[in-house]
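Trainee: Please build the complete structure, drawing on both the sequences and the hints.
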Amino acid sequence: MARILIVDDSATARALIRRSLDICGLKDVSFLEAGNGKEALKILKDEKVDFVFTDINMPEMDGEALLKRIKSSPKLFHLPVVVITSLKNSIAEQNLIREHAAAVLAKPLELPEVHKILRDSLNLI
Amino acid sequence: MNEEKLIVALHGAITESTENLIFQELEEVRILEKEEAVRIGDYQVSLKIKEPFSGTLYLIFDHTHAEQIVTEMIGEVIDDEKSIIDGLNELCNTIGGRFLAKYVPDESFELGLPECGKIESLSELPYDSVQRFYFQDTQLCVSLEQE
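These protein sequence lines map, in sequence, to chains A and B.
Numbering-wise (my numbering), the first sequence opens with residue 1 and increments by one.
Numbering-wise (my numbering), the second sequence opens with residue 126 and increments by one.
Take the hints with a grain of salt, since some may be wrong.
Unchecked claim - In silico DSBU-like cross-links for lysine-lysine, where the CA-CA straight-line distance does not exceed 30 Å:
1. B:K227 to B:K130
2. B:K175 to A:K88
3. A:K116 to B:K227
4. B:K207 to B:K243
5. B:K130 to A:K68
6. B:K173 to B:K159
7. A:K38 to B:K159
8. A:K71 to A:K27
9. A:K38 to A:K48
10. A:K42 to B:K227
11. A:K45 to A:K68
12. A:K42 to A:K68
13. B:K207 to A:K88
14. A:K68 to B:K173
15. B:K227 to A:K68
16. A:K42 to A:K88
17. A:K48 to A:K75
18. A:K68 to B:K175
19. A:K27 to B:K159
20. A:K88 to B:K130
21. A:K38 to B:K207
22. B:K207 to B:K173
23. A:K88 to A:K45
24. A:K116 to A:K48
25. A:K71 to A:K116
26. A:K75 to A:K42
27. B:K173 to B:K227
28. A:K71 to B:K175
29. B:K173 to A:K38
30. A:K75 to A:K38
31. B:K159 to B:K130
32. B:K159 to B:K175
33. A:K75 to A:K88
34. A:K71 to A:K48
35. A:K48 to A:K68
What the hints assert, rightly or not - If you want a taste of the chain B side facing chain A, the calculated C-beta under 8 Å gives, among others:
36. E197
37. I199
38. G200
39. S233
If you're looking for bench data, these hints aren't it; they were derived computationally from the structure.
Bear in mind the structure is a predicted one, so any value in this text is a computation, not a measurement.
Heads up, the beta-carbon is just placed ideally off N, CA and C, and yes, glycines get one too.
Mentor: Structure below.
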């Protein structure tokens, strides 16, 4: 069973992400949740996680800082990080891909795009 | 600042976000004086725009429509204050991001974090008029103030 960590300061956004992944046919997964980058790093230290889906604009530690911390850690570098953000345009996407994000999705999530990422980039369905 | 481009980007962001999050199509937009559109006790979410210009995006909802919108977003009845505020903040964040992504598709932009409160005084509001967006079953008011 794959374990997915969803990082967003909004409980509503976390629920929307879970629902979108579910509708896209993701089976046999369990979800962990964090409200910002700091909380996410604590979970990553203590728990086995297979994928991270993170927002960018968050208090305490934002998603870009979290991505950098994950990708600079020899222990976590392999972890695919999907960024889900309302701040997506071509410049933001290029920067995040350069920082080794596995994919960048815009809010509000569009199901065909989510499905494509789950199938082609993450091999989850 | 290209005013027409700003309005097209903002309307596009609101239309797409509401279609996707609350499954409602835009029917009409009217410009109303604040005294006509806004009441004490309404929810107001403010979102600072830091780049490519300085300003604030305001979204205003009365209690009934706020509850209705967040319930549609989540897919279950939401009536507690904390969840309503969280849902409205997320909607504002999504609209704000989508708006700037449309306005400057090839430039960097930066937003603050959404802050939701209740309107306590009409005279202290930083705008004189709002745009009211009418959807099939709900509505919201918007004001964009540039500094």
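Trainee: Does each hint fit the structure? Answer for all of them.
Mentor: Each hint, compared with the structure:
no., hint, in the structure
1, B:K227 to B:K130, "holds (9 Å)"
2, B:K175 to A:K88, "holds (16 Å)"
3, A:K116 to B:K227, "holds (23 Å)"
4, B:K207 to B:K243, "holds (13 Å)"
5, B:K130 to A:K68, "violated (34 Å)"
6, B:K173 to B:K159, "holds (20 Å)"
7, A:K38 to B:K159, "violated (41 Å)"
8, A:K71 to A:K27, "holds (27 Å)"
9, A:K38 to A:K48, "holds (16 Å)"
10, A:K42 to B:K227, "violated (35 Å)"
11, A:K45 to A:K68, "holds (15 Å)"
12, A:K42 to A:K68, "holds (15 Å)"
13, B:K207 to A:K88, "holds (27 Å)"
14, A:K68 to B:K173, "holds (25 Å)"
15, B:K227 to A:K68, "holds (27 Å)"
16, A:K42 to A:K88, "holds (26 Å)"
17, A:K48 to A:K75, "holds (11 Å)"
18, A:K68 to B:K175, "holds (23 Å)"
19, A:K27 to B:K159, "violated (49 Å)"
20, A:K88 to B:K130, "holds (18 Å)"
21, A:K38 to B:K207, "holds (22 Å)"
22, B:K207 to B:K173, "holds (21 Å)"
23, A:K88 to A:K45, "holds (28 Å)"
24, A:K116 to A:K48, "holds (25 Å)"
25, A:K71 to A:K116, "holds (23 Å)"
26, A:K75 to A:K42, "holds (14 Å)"
27, B:K173 to B:K227, "holds (17 Å)"
28, A:K71 to B:K175, "holds (28 Å)"
29, B:K173 to A:K38, "holds (23 Å)"
30, A:K75 to A:K38, "holds (17 Å)"
31, B:K159 to B:K130, "holds (24 Å)"
32, B:K159 to B:K175, "holds (25 Å)"
33, A:K75 to A:K88, "holds (28 Å)"
34, A:K71 to A:K48, "holds (16 Å)"
35, A:K48 to A:K68, "holds (19 Å)"
36, E197, "violated (11 Å)"
37, I199, "holds (6 Å)"
38, G200, "holds (7 Å)"
39, S233, "holds (5 Å)"
In terms of the numbered hints stated before, the structure departs from hints 5, 7, 10, 19, 36, listed from lowest to highest.
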